[in-house]
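> Assemble chain B onto chain A, guided by the hints.
Line by line, the protein sequences give chains A and B. Per the numbering used here, the very first residue in the first sequence carries number 1; after that it's consecutive. Per the numbering used here, the very first residue in the second sequence carries number 1001; after that it's consecutive.
Straight-line C-alpha distance at most 35 Å; calculated DSBU-like pairs for lysine-lysine:
#, chain 1, residue 1, chain 2, residue 2
1, B, K1099, A, K59
2, B, K1193, A, K57
3, A, K119, B, K1108
4, B, K1011, B, K1068
5, B, K1193, A, K59
6, B, K1095, A, K59
7, B, K1140, A, K59
8, B, K1099, A, K119
9, B, K1099, A, K89
10, B, K1193, A, K78
11, A, K46, B, K1193
12, B, K1140, A, K57
13, B, K1144, A, K57
14, A, K59, B, K1144
Where chain B lies over chain A, by a calculated footprint (3+ residues, C-beta under 8 Å):
#, region
15, 21-35
16, 104-116
If we take Cβ atoms under 8 Å as the criterion, some of the chain B residues that face chain A in the derived model are:
#, residue
17, T1127
18, L1128
19, Q1131
20, R1181
It should be emphasised that the hints constitute simulated quantities derived from the structure, not laboratory data. Note that CB positions come from ideal geometry on N, CA and C, so glycine has one too.
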Amino acid sequence: MAYHNRVIDHYENPRNVGSLDDKDKHVGTGLVGAPACGDVMRLQIKVNDEGVIEDAKFKTFGCGSAIASSSLATEWIKGKSVNEAKAIKNTEIADYLALPPVKMHCSMLAEDAIQAAIKDLEAKK
Amino acid sequence: MSKTYNCVSCKAPLEENLVICRVCQALQPIYSEVSPFRYFGFDPQFDLDELKLEREYLDLQVVVHPDKQAKRSAEECEYAKSHAIKVTQAYETLKDPIKRAQALMHLKGIELNLETHIQDPELLQQTLERQESLSNLSSKAAIKAFIDESEVAEAIVMQELSQAFRESNFDAVPERVAALRYAQKLYRDARMKLMHLTS
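Just chain A, same shape as in the assembly (with noise of 0.2 Å):
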């Protein structure tokens, strides 16, 4: 079985990674975990009074599909509104990657990651 070359791309040249403040209350923190395959992903946004997310960023530790859907969700997501943000699907970002139908599940952890940082950031309201 054969990875897209965006895959590769982004397991490779990973967007984004590192860390935000969580003690900003501008910056909310999605942590999710796929206790099947062992992985865990932490997703930070950072959000100006606009609504708009200005940064992003992640560190996951799991297999390469992981890695790149969470690389690609930071990608996405930023300069979008949070409700823009709010709308993706793992769909489009599987569709992307063009992940095959047993690495679903990785792009099914970045979209729920993006919902609990948001969540996150909300609750700090």
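Chain B alone, transformed into the frame defined by chain A:
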């Protein structure tokens, strides 16, 4: 109330496994509804005598082996074939603590699905930090120390899981099973890292 099973041939109660009657040595039909615990003649509990499991497994493997069926009826030979698969499946379920926990929860009517994503902040944060520190290690000695720590951490989670079952605290089981899965992963990742350094 656990159902009693009797030998299809001599009618003696089957007090041990459901593969062979220990009184008349007749092979038994497959009861598809039985748990792996009852199948092996074990109590349905998390703590189990691993040595006894290994012994029973090896013994039953011989009992159902195709080469050992020469004197058996055609019907028993068919039973042996089905048992050969089922014995291994049941053994693998009983041996693996996570599968064992799932089988026990199933008996309680609760399906423990590991595919479900979790958001337990404490467990995930801890795992993330451990994975981060592993990725920063570069010397063999440091990785070996990490492996030792991971082994201890895994043993602690096993104890907690065992305690949850002993106290019938089933609400605590899914979280501890997830913790065990992450502990196993950390241990394996560390072992892999050490292997790559050594080779």
